[in-house]
Structures are given as structure tokens and as C-alpha cells.
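Undergrad: This is what each chain is made of:
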Amino acid sequence: MSITKTTTGVVETTKSNGGFTGAAANYIDERTSISTAVKELGRKIFPDHWSFLLGEVALYSFVIILLSGTFLTFFFSASMAPVHYEGSYVPLKGVEMSAAMSSSLNISFDIRGGLLMRQVHHWAALLFVASIGLHMLRIYFTGAFRKPRELNWVIGFILFILAMAEGFTGYSLPDDLLSGNGLRIIDGMVKGIPLVGTWISFLLFGGEFPGEAIVGRLYSLHILLLPAIIIALIAMHLLFVVVHKHTQYPGAGRTNQNVVGYPVLPVYAAKAGGFFFIVFGVVMLMASLFTINPIWNYGPYDPSPVSAGTQPDWYIGFADGALRLIPPGLEFVWLDRTWSFNILIPLVSLGLFILVVLIYPFIEAWVTGDKREHHILDRPRNAPTRTAIGAAGVTFYAALWSTASSDIIATHFHVTMEGVIHACQFATIVGPFIAFFVAKRVCLALQKKDREIVLHGYESGRIVRLPGGEYIEVHQPVDEYERWKLVSYSDYKPLMIRPNDQGRITAGQRVRGGLSRWFFEDRIVPVTTTELEQSHGDHH
Amino acid sequence: MTTTNTPKPARVRKSGRRSPLASVALIAIGLLFTGGAYALFSTSTASAQTDASSQQTIGEGQKLFASNCATCHGLGAAGTGSGPSLIGVGAASVDFQVGTGRMPMQMDGPQAEKKAVSFTEEQIAALAAYVASLAPGPAVPDARYLDAQGDSAKGAELFRINCAMCHNVAGAGGALTQGKFAPALDGVSAQHIYEAMITGPQSMPVFNDMNISPESKRDIITYLKYLENNPSPGGYALGSLGPVSEGLFLWIFGLGAIVGLTVWITAKSN
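Chains A and B supply the protein sequences, listed in that same order. Note that the working numbering has the first sequence beginning at 5, numbered continuously upward. Note that the working numbering has the second sequence beginning at 19, numbered continuously upward.
Hint data in this document are derived by calculation from the structure and do not stem from the laboratory. If you're wondering where the values come from, they're calculated on a predicted model, not measured in any experiment. Possibly wrong hints are sitting among the right ones.
[To be verified] Sample of chain B residues at the chain A side, in silico, Cβ under 8 Å: (1) C184; (2) A188; (3) A200; (4) Y241; (5) A255.
Glycine is no exception: its CB is placed at the ideal position from the N, C-alpha and C atoms.
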């Protein structure tokens, strides 16, 4: 099929033997001009690295969640009206429960494929948040959030928060004992906010906890509002990836102006399509072999019982951990109001933590004063302070997260609950500092080693005796491709404090200068060409 | 109690040669039969019920008590600095503590833990009879409450309200303060479950008959036996520990598998 443009501007097509596919493609193209988009997208180059697929995993698990979730909505009834369960699970027969719980049990036991779909939905949800987390860590530690991608970091992080919100609203829907206990904790946290807490709680639950409204309300959020926002943000997120082009790891021939990799068509489209089915397969395998959220064990929600080992799903664990870490006795009455600092301290510190992660790209850009675009990723060692901050953040999060399982740790490792809590308190407060220090020293040491390798090559282990009797060890010079990777990173210097237009040095400037010095004072500069030339012939 | 294992007949070889495994199989069969016969014999003698109240049994129990328990509980079972008085704890308490191996205690710790049982059933019965003779106390429960044929739905509800906060909804156990813990209930015999409820061993509260009637206790046992005998409908239960084991599994095996696959997918192209 060929298209010839006549002088009058009318597009005239002459059909060649394209068969049905050609004809169909032509039909569609004449009506939509989609070929431009396909050409543009199909030629889009993506670099190849396993860590670039983590975001894709998140996207695919979201698709799986949408598909299995749609199935579940066919049979779930989001009502808290009391009914008596008459399904086939014997130990709950005749027990009074909400319609939500009863329909969840029916999905599990009396609807063909229902239990599998429930487990697919739940496992995929855990995988969704986990892959977002891992994807985010990759972005952070390689500095992929730098200009021009700061906004995409913000969108991605909001997606992470929304995914947690989706997870939590979904966890609360079956109205089993576990989800009710989770809601009770949220209710407690909301009520702990001074002045407005009780009002918000009553508004949320439509009266005193648990009320009869919450499941229906969470359901609307879970299947309507939150997914709509998530889909819109995912679309923006992907659009930005196309607009910015994908980042790539440093290597010979890779610059800020090019992208080295394979085109979407045919390589990536096939790979990504196949990878979707791989992810689907892994989720299916987990869902068919491993129980998740056995609501039939938990039974219907009743405010009086709380089971041992009541925890939220993993992604809310850090918040649960923060509540467990707070020492007792932080409540007092002031101005006729109870001030629950045992709730306010975790709320505020987690809020601050989330805020700092959200705006980190802007903080770093301000501190470095760097306004260049970056399409080449940093090796984590080449940004020691950023890597160290990341290590501290991960330690802080991990300590809170493991605190959420303090009781399980206590029983399974035969230690005392109090000991676990104290160890976690130590890990939460002191751990980040240790992690910062260790990570930074490791980065600097690795950078020094890189420098050493570039300038002097590898030790070959070959000892040569010169005619004069001198012994030398021959060093193997590093090859040029390898060297590119080791020397091509940007060097930053601490910012100079400069007076502004009025000739004054503002406090902001001082803070910025101080932070910049803290970031870069002990940096290792990359090997320069001059150094490299001087070191030639010095490979021993 | 005893399962007589009838071993599968070794597959006959067409060639008529004796398999090199034949003699091993023969010895195994022989051992199984003699072992099984011995086990049958010994249990049948044990189940020949000794009269719990007979003076002879009590005397025997007293001797056993004096040589194994009196160091901590005192010669008259009135307790010492290192062990509580056993006057009035009843036969049920002795049967539970000694029958699960918790007593005699191996060492001081946050709580006495389950271990291999040190006495035969007759000896335990004799010890129980001796302690029960000191003062009235809860007796070993009647077999009709232990048949696990009650109402499991009611039992499940009672279990969630009274037991789940320490033992977990699925009876998987849970942590208490100062290194103490509520043990997992999987594999605990109906009799021991009942005795634990009426005697309240260690940190456990007593659930007497006014609190939970014997029929309700039977329902609870029915529920626990239902959990024990029916595999989780959703597949392997990951210890029934709840979201912690699910999250751990997802991160290690789920995400681990996914990351492995991403490495595989990108490695092929190079």
C-alpha cells in the first residue's frame, strides 16, 4: 500500500496486496490518522535494564486488580444490614453478620472461582504497592527524579499514597474481624486529633463507631473515586515518561542527548506484552496455592474481640509500627481537652516523613543549585550524601515496619515483647544515623576504589623483575568502555554564599550554603583527562 | 491412638531377580509389625483404666510425687519458694501440666513450655489421683464433652470472644508480656484443651462452668478440631499468622520471583 499526495492535497490511496490486515489498517488510518502516533511511538527507544521494568510490574498488577476487582463487584454487597449467614462454611452457619461479610463469604465458598478471584485481587494488591515501592527506590537511588522529572516523582509518590488508600479501603470492605479492628485503629487515630477529631470521626462513620455507613462509603471510594484518580495519574505518569524519554545508566556512547536501546516496535511491545502475562502468571500461582486474608477464620466484625496477631497489610505496617513504638503516659488534659501525644507524635512524624519524600527532588535541586537536565542516571556511589539519606530513610521506614510485627517476632524468636519494642525504638531513632554514616563511608570508599582503578588499573598479580634488580607488579589498565562508566559523573562543589541584590546575605542563603557544604564537602572528584594522561605509563 | 501401618507390598520384578532393596524392605516390614504390635499391646494395657480413687493408686502417686515434684512443690504439695501449692488444683490440672510435658519443668523461664512427656499415662493418672485426694478440685473432664461433635459455629464465636485475643483467631498462638506467650492450639488434644479452660494454667485465666458451660466448651473444642482437620480452603495457610506472613511471603517470594523474571527478560536480549 502506498500513499501519494496529489497537488490538490487530496490523499489518494492505491491498494497493493496487503490482504485483510493491510486493508483494515488502511481503513482505520484514513479515518483516524493513527499511523503518525504509531510511527512516533513505535520508534520510541527504550533502554534495557531489569530495574526499568519495576514500574511496569506495578502497572500490570494494577490491571490485574482492575480485572479481578470487577469480578468481585458482581457479587459483593456493600451493606452493613445484619443478616444470618446461610452459606456452606460450617463454623459460621447461622451467625449474624453484615451483608458485606456474608457476600464476601459467598464469594469465597459458593461462587465458582470466587475465592481464586478474591485471592488474585488481594495478592495483586500487595504486589502493586510493593512494586511501586521498589520502583521508587530505584528512581531515588539513581537520581532519576532530577530535572526534568521532578513532577513525575511527585505524581508517582502520590500514586503510592493512593495505592495505600486503595489497599486500606479494600481491606476494610469484607467487614470481618480483622478489617473492623483496622478501622477501629483509624477511628482512634482520628479521634486523637485535638478539637476536630471527634467531629471528623462522627462524620466519617455517620455516628458513633462502627455505625452502619462506613462499608458503603469506603466502597464508593474503593471502586469509584480512588481508581479514577489512579488511572488519570498513571496516564499522566506514562505521558511524562514518553515526553521526557527514558533515563539510562552511564556507559560508553550514552549521553544526555541520546537514548541507547531498542525501539518499542517490535522488541518492546512484544516483551512488555509477554511480561504482562508473566506477572499475571506469578499472581495466579500465588493466589491458587497460598491463602490470603482468610476472612472465614476472622469471623464477622464485633467490637469486643481483637485477635492476637492483628496487623494491617504490609504497606500500612509502618503506621501501625509508629503507634506501637510510642511509650505510654503521653496523654494529658489541658484546656478541658485530652491531648493524646501518643497519637499526635506518630501522626505528625509520619506526615513530615511523607512530606520530605514528596518534595525531596526540589530540596536536592535547591541544595545543589543544579539547573541542568539529567538523562543519565547516577550510580548510587557517585552521589554519596543522597544515597546515605536514602539509606537513613529506608532504615527509618524498615524499623517502623518491623515494629508492626513485634508480637510475631516475640513469639517466633522466643524473645520478650518489651525487648522487641525497645530494640525497635533504638532502630527507629538511632538506626537512621548509623545507616547514614555507614552508607556514606561505603560510597566514598567505592568511589576511591573506582578512582584507583581508573588511574592505576587492576592488580594483575604478575611480578616482574627488571634488569636492574627492581621488582614491580604489573597493573592491567582498565579498558575504555569500563573507564567511561567510572569517570563520567557530574562533580558538584559546595555552593558559595553570595549576597543578593541588596548586598545582604539572607538566612536562607546561609542555610542553603550550609546544606550544600554538608552534601559535598567530602566528595571525591571524578578523574580528569589531565590526571589520566599523567598516570599513563604509570600502571604499576 | 495407634495407627497400624500396613506397608505397601514391594513391586514384583518381572525378571524374577531379587531386588537389592528386597532385604531392606523385608527388615522394614518386620520392624513395623513388631513395633506396631508392641505399641498396640502397650496402649491396651495403659487404657485398662486404673481406678483413680483407689488407695493403692493414690499411694503410688504420692511416691511419684515425692520423688519427682516435691523439690519445688514441697513434700505435702503445700508449695515452697520455688513452686506453688497444689492443694485444691485438682486432677485436671495435673493431667494437663504433666500430660503435655510442661511439668516437671526443665528450667525456670517466663513460662513452662510444652515438651516430651516424662511419665506414662498410668503414672500421670496416679499423680493426678494423689493431688486430687488432697482437696477437691476440677476433675479430668468427662469423655462426652471431648467428642468434638458440638456446634462449631457457636464454638467459633465463643473462641473469638474469649480466646482469640491471646491465641489468635485461628489458634496460631500469640505474644504476651515479659516473654510469655499463648501457645498454638494445633495438635492439642481435646482433653488438654478442656483442662486448660477449667484450670487456667500459667498466664491463662480460668473459664469455669459458670462462665462457659461444659457444652460450650465442647463447642469450642469442636471448632478447634474443625480447624485442625480441615485444610485452609484458600491453599497453604502460611502459619495462619495474618498479614505479617502474607506480606513477608509477598516480598520474598512474590517480588523475588518477579525481580528474577525481570532480570531474565532483560538478560536474554543482550
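Undergrad: Does the CB of A255 of chain B sit less than 8 Å away from some CB of chain A?
TA: holds (5 Å)
Undergrad: Closer than 8 Å between Cβ atoms is the bar; does Y241 of chain B clear it against chain A? Give me holds or violated.
TA: holds (6 Å)
Undergrad: With 8 Å as the cut and Cβ atoms as the points, is A188 of chain B at the interface with chain A?
TA: Status holds, d = 5 Å.
Undergrad: Holds or violated: A200 of chain B as interface residue toward chain A, Cβ cutoff 8 Å?
TA: holds (7 Å)
Undergrad: Closer than 8 Å between Cβ atoms is the bar; does C184 of chain B clear it against chain A? Give me holds or violated.
TA: Holds, because the Cβ-Cβ distance from C184 of chain B to chain A comes to roughly 6 Å (cut-off 8 Å).
Of the numbered hints given earlier, the model fails none.
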